[in-house]
Structures are given as structure tokens and as C-alpha cells.
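Which chain is which? The protein sequence lines are A and B, in order. With my numbering applied, the first sequence corresponds to residues 1 to 318, in that order. With my numbering applied, the second sequence corresponds to residues 319 to 484, in that order.
Hints listed in this document are in silico derivations from the structure and should not be mistaken for laboratory results. No experiment lies behind these values; they were computed from the predicted model shown. Treat the hints with caution; some may be incorrect.
[Stated by the list, open to error] For lysine-lysine, the following DSBU-like pairs were computed, each having C-alpha atoms within a straight-line distance of at most 30 Å:
1) A:K6 - A:K40
2) A:K100 - A:K166
3) B:K384 - A:K229
4) A:K252 - B:K461
5) B:K358 - A:K249
6) B:K378 - A:K229
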Amino acid sequence: MYKLPKIITKLILSTLLLLSIGVYAQEEKLFRARVLYESKIPANIELARLCVDSLILDSITKDDFISWTLRSFIYFDIYKRSEKNKLNSDLRDTIISSIKKSNLLNPDETYLGNNKKLLQNIGAGYFNLSKKMLEDSLDEEKSLIAYNRFKEIYKILEPDINFTSKDIEYNLTKGSIFSDIFIKDNNNNKAQNIAKVALLKVIELDMNNESANINLGLMYYNQAVNLSKELDYGADFTQIDFIQENIIKLAKQAEQFIFKVYTKNNKNARSAEALFYLYRMLLDEPKSDQFKKIAIDLGVKFGDETPTKEEKLNEEKK
Amino acid sequence: MISLRFQQPSQPSNFDTNSKMKAVFLYNFTRYFEWPEKKKENNFIIYVVGKNESLMSELKNLSSKKKVGNQEIEIKNTPHFDSDIISNIIYFSPNIINPISDAASKNKKQGALIVGETPESCNKGASINFVIIDNKLKFEYNKNAAVKAGLETKEDFKALALKVID
Numbered sequence: 001m002y003k004l005p006k007i008i009t010k011l012i013l014s015t016l017l018l019l020s021i022g023v024y025a026q027e028e029k030l031f032r033a034r035v036l037y038e039s040k041i042p043a044n045i046e047l048a049r050l051c052v053d054s055l056i057l058d059s060i061t062k063d064d065f066i067s068w069t070l071r072s073f074i075y076f077d078i079y080k081r082s083e084k085n086k087l088n089s090d091l092r093d094t095i096i097s098s099i100k101k102s103n104l105l106n107p108d109e110t111y112l113g114n115n116k117k118l119l120q121n122i123g124a125g126y127f128n129l130s131k132k133m134l135e136d137s138l139d140e141e142k143s144l145i146a147y148n149r150f151k152e153i154y155k156i157l158e159p160d161i162n163f164t165s166k167d168i169e170y171n172l173t174k175g176s177i178f179s180d181i182f183i184k185d186n187n188n189n190k191a192q193n194i195a196k197v198a199l200l201k202v203i204e205l206d207m208n209n210e211s212a213n214i215n216l217g218l219m220y221y222n223q224a225v226n227l228s229k230e231l232d233y234g235a236d237f238t239q240i241d242f243i244q245e246n247i248i249k250l251a252k253q254a255e256q257f258i259f260k261v262y263t264k265n266n267k268n269a270r271s272a273e274a275l276f277y278l279y280r281m282l283l284d285e286p287k288s289d290q291f292k293k294i295a296i297d298l299g300v301k302f303g304d305e306t307p308t309k310e311e312k313l314n315e316e317k318k
Numbered sequence: 319m320i321s322l323r324f325q326q327p328s329q330p331s332n333f334d335t336n337s338k339m340k341a342v343f344l345y346n347f348t349r350y351f352e353w354p355e356k357k358k359e360n361n362f363i364i365y366v367v368g369k370n371e372s373l374m375s376e377l378k379n380l381s382s383k384k385k386v387g388n389q390e391i392e393i394k395n396t397p398h399f400d401s402d403i404i405s406n407i408i409y410f411s412p413n414i415i416n417p418i419s420d421a422a423s424k425n426k427k428q429g430a431l432i433v434g435e436t437p438e439s440c441n442k443g444a445s446i447n448f449v450i451i452d453n454k455l456k457f458e459y460n461k462n463a464a465v466k467a468g469l470e471t472k473e474d475f476k477a478l479a480l481k482v483i484d
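So that you can see chain B by itself, here it is in the shape it has in the complex:
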């Protein structure tokens, strides 16, 4: 009997939904914090610490489409934490824990929102820590750390967090 051409199964997309979600979250955070005036002058810098190609790709895409107020978004990335890099947000990739304390102490009143992604992040001085609950990306919020970093915070942000450390 005749036969149809065999159809190969479709290919799974390698698009990283998790990185997209983190980029959306990071951009959303900018609505709930007020950076010091000196951090509003040049580009809005999101600094990614650690190798994270898919997040970098998403953030670059974000920077080409969005602004923070009138500020252009600029993305920086180093494999290890560099305290000389001035930024508005410092995101520490998972498994990069130790430099968070260093970053927190050096950025006091400097206006950098530190975002981590490990259970100890908030204890080490990060203002925000990404957590996973029921397959969803959520976040914990350390308001004290944000205040110490010189950021003005909006109260309604607390309601969005899974856990708040006041």
C-alpha cells in the first residue's frame, strides 16, 4: 500500500521562559523604587553578575524596547562582581552568593537595587530575592536593605512580595 511521508516530531523551542520572566520582573521593579537623583542622570544600568546568556539576551532585548523614565537602559555583565561598576540594579545569578554582602556594604546609599536568587540573598543584604513557589517565579523583599541602599520605596510593593523583611 502507498505511504505518506513520515513527519518528524516538532522541535521544542529553546526559548528560556524563566529568563524572560526575570527580565519582566526586573523592569517592573523600576516602577516601585525611586533612585537618588545622581542615578537618574545617565543611562539606567542593569548589572548582571555571573554568566547568564539567556538573561543577558532578554535584558538586551528589553533595553532596545523600554526606558526607565527618560533613561535609556544599559546592560552590563561580568563573570564576577566588580565593585567599580556603577549601576541601578545589580542582579546576582544563582550560585553567586558571597559577593552579595560585599556589594551591599559598598553600595550603601549609592542607590543600587541588589537582586539575588538564593535563599540567603536577603540575609546577605539583597533587597530582593527571587524564589520559586509552585512552579512560579516570585520574590521576597527586604525593605531594610533597599532603604540602606538609598532607595525610596513604595509601600504597595510590599503587597506584591511573597515575604517582606521590614
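Chain A with its partners taken away, still in its complex shape:
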């Protein structure tokens, strides 16, 4: 009768001892991982990774938010040195999943804050990547993937976040880059379509967006200019008529966007300048003269290759 409680007591004590040894071992491992990580030496960071990967598998520490947050920081250190510019990165995915896991384990305020900062950093990385892919490699598809991932990350941080201003900014950048490409190479229909879709998206979000309206208008205008430039001097009158028709169509499309900008803001020098060129293209001398004067008053400088009617008359009097 005496022996049973004794055995049970021994068993409990042994279990507690083993558990405490286990806990101590895990705490030791966590401590070690942290020290290795904080040394910031690449070789040590790799060791920290091995350490923390075993921690998150251990039954004692797998539900500890500290292990998961530490893991995300260790992986982030490796990621920023090697995979920051990759659209698809296992390291980045591990960071995100570790932060998500840590957040599910009710972290204290400090860890919650650290998790948030790290996620913001990952989101910013995606955003910069989306920009880099537009500006450097003109890879619109990959850029869009990066941009959508940036949005997903920020939704984790703020589920009710409104992306309208970011969508405008992103599409405006895309529209400007691709409209410039199209203006330089009128046969680049892909660039034209990307630019149009992006700029129309901006206008859908912000009807009176000056940059989008002007860029879209200028895209049509410059397309008309290119038609004229490409017209062979030896074209016959049928071809000339066809080209003139198309120039007029494009100029009128341009007019609706550019004129809208000027109507909303008559101090917008770029719109006044563009309207001068546009009405000159449409052979509307009174209007082109009017907008030339307005543009000059707003600080636009013109060469004397396009005199107004008044300037022409003065020239003749001389």
C-alpha cells in the first residue's frame, strides 16, 4: 500500500524532471538561435536557421510565438541578402507563414509590433519589386503579380485598407512608362494596350486625374503625329485622305481627355500647351492661337516655328 504512492511520486518527479530538462534544452536552443541571429554573421545566421527550424518542430516550443517570430526574422536576414529581388521566394513565403503563425499564438504587444514591422517590410519589398519590374524590365505581368502580393500583405495588416490611391499611383506609373514606349515606337501595340488599360483604370478610379487624362490624351495625339511622320511624301491622294481621317479621329479622342484637364484646371500649362498642338493638328487656327497665348502666359516656351496668325501678320509687315 505504501509502495504505490511512492512509485507514482517517483514517476511524477521523474516526468517533471524530464520535462524541465526538455524545457531547459529548448530554452537553451532558443537562446542560442537568438544569439546566433544577433551576431549578424551570415554563417551564424545559417546555424540560427537550423536551430529555429528544430524549435518549431518541437512539441514544447512549436506553440510559442517567440520561436515563430524569431524564425521569421532569421529567414528575413537570409532573404534580404539573397532573394529580395525574386518574385517567387521560398524564404519570403516562410517569413510570411511564420509571422502568420506567430500572430495566431497571441503574441504580446512587442512581438505583435515586430511581426507587423516585418510584414510591412515584406509588403514594401513587393511594392518596390512591382516598380522595378515596370521600370527596369518592363515586365507588366510579373509587376502586377508583385503588386497584388503587396496588397495581400497589407490586407493582413489592415483588413479594411483602401487601396484606391495606391491603385491610382501604380496604374499611373504603368501608364506613363508604357505610353512613353508606345510614343517612341508606334508599332508597339502591346505597350499601347497596357498603357491604355492602366490609364483608363486610373480614370475609372479618379475621373479627373490630371496626369492620367493628359497622358491618355497625349498618347492619342502622339499616335496621330506618328501617322503623319510615317506618311510617305509620295502617297497618293486616297492615302492622304485616309491618313487625314485617322489623324482627325485620334486628335478628337485626345481632345476629350486634355480639354477635360484644362476645364478643371485652367492653370495647367501642360494641358494648354497640348491643346495648342492639338488644335494646330486639327487646323483650327483660332483655337490653336488662343491656347498658344494661354500656354505662354502660363510659362510655356515655344520656338518660332509655329507663329500665331497675329505673329504671321506682324512678320509680313516687317
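Given chain A's structure and the hints, the job is docking chain B onto it.
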């Protein structure tokens, strides 16, 4: 939140489509007229009266790329009409109206196609007058003036003109 670099709006091209169109028209006119033999000997001269930098630039470009028959195209320009300049085409810039009559009388049978760009041009003796209809460049044709200038004309040219003065 992070931000993208602001993109400046694109620049409108300052290319003058109107001047390009006029240059194309002027070159096209050469297909529909026959100049006297003496005007086929040297360069084919297009004489622009009045200051018109963008048209001059277009015509110089044209002259570097095209010929009229075997003739090289040469471009001349003076601010005011100079009757001593021998040419195949005389183009009067808009607002230069008065010298057209002078040019027409001095060029009788001399083989110069006079082209103007004001409502009175054809009445003053120009063979062709540029007009603008529905934002398009078109032209009126004064056949009598062309004949008086010593040019042989092709009948199908009449169909291309907006208005014909026979």
C-alpha cells in the same frame, strides 16, 4: 506607406502635321501637271514665299528623299516675293496675298504653279489654293490660272479638287 516615383506626363510632340501634309500635297501636285521643257532642265525648284520654318524643314526633307522625274528638288525661301527667282512651284504662305497677282502676271507662260492659302488666292491668279474643310487640308483648283502659267494639266486632277474654277 511606400511610394512610387511620380511620372511626369509625356511631352506633346511639336511636329507640325500640317506642314507635313502640305509638303505631301505639293509633291503630289507634280504628278498632275506638265511643266514646259525649259523647266525640266535643271533642278525642280519649290519656292516658298514668307517665313514658314516647319514647312521649309519638311520640304528640305522631301528634297532629300524624292525627285520630280529626273529632276532633283531644290527649295528656296525668301520672306517677300522675289520675281527674279525662277521656280516650278511658288508657294505663298498664309497672309501673303498681295504678291500673288504680281507673281501670276510675271509668270505667264513661264511654267510656275502658284499655290496660295487664303480665300482670295485663286482670284488673284493662283492655280491652287489650300483650304480647310472639317479639319482636313483640301484644295481649290483654278485651271485657267494653270493654263495661263503655261502648265499642261491633267483632267483627272479636277476630281481631286474641292472646287474647280474652269
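Here is how each hint holds up against the structure:
1. A:K6 - A:K40: Violated, at about 51 Å.
2. A:K100 - A:K166: Holds. A:K100 to A:K166 sits at ~24 Å (cutoff 30 Å).
3. B:K384 - A:K229: Within the cut-off at roughly 16 Å; holds.
4. A:K252 - B:K461: Violated, at roughly 35 Å.
5. B:K358 - A:K249: Answer violated: B:K358 to A:K249 is near 40 Å, above 30 Å.
6. B:K378 - A:K229: holds, 14 Å
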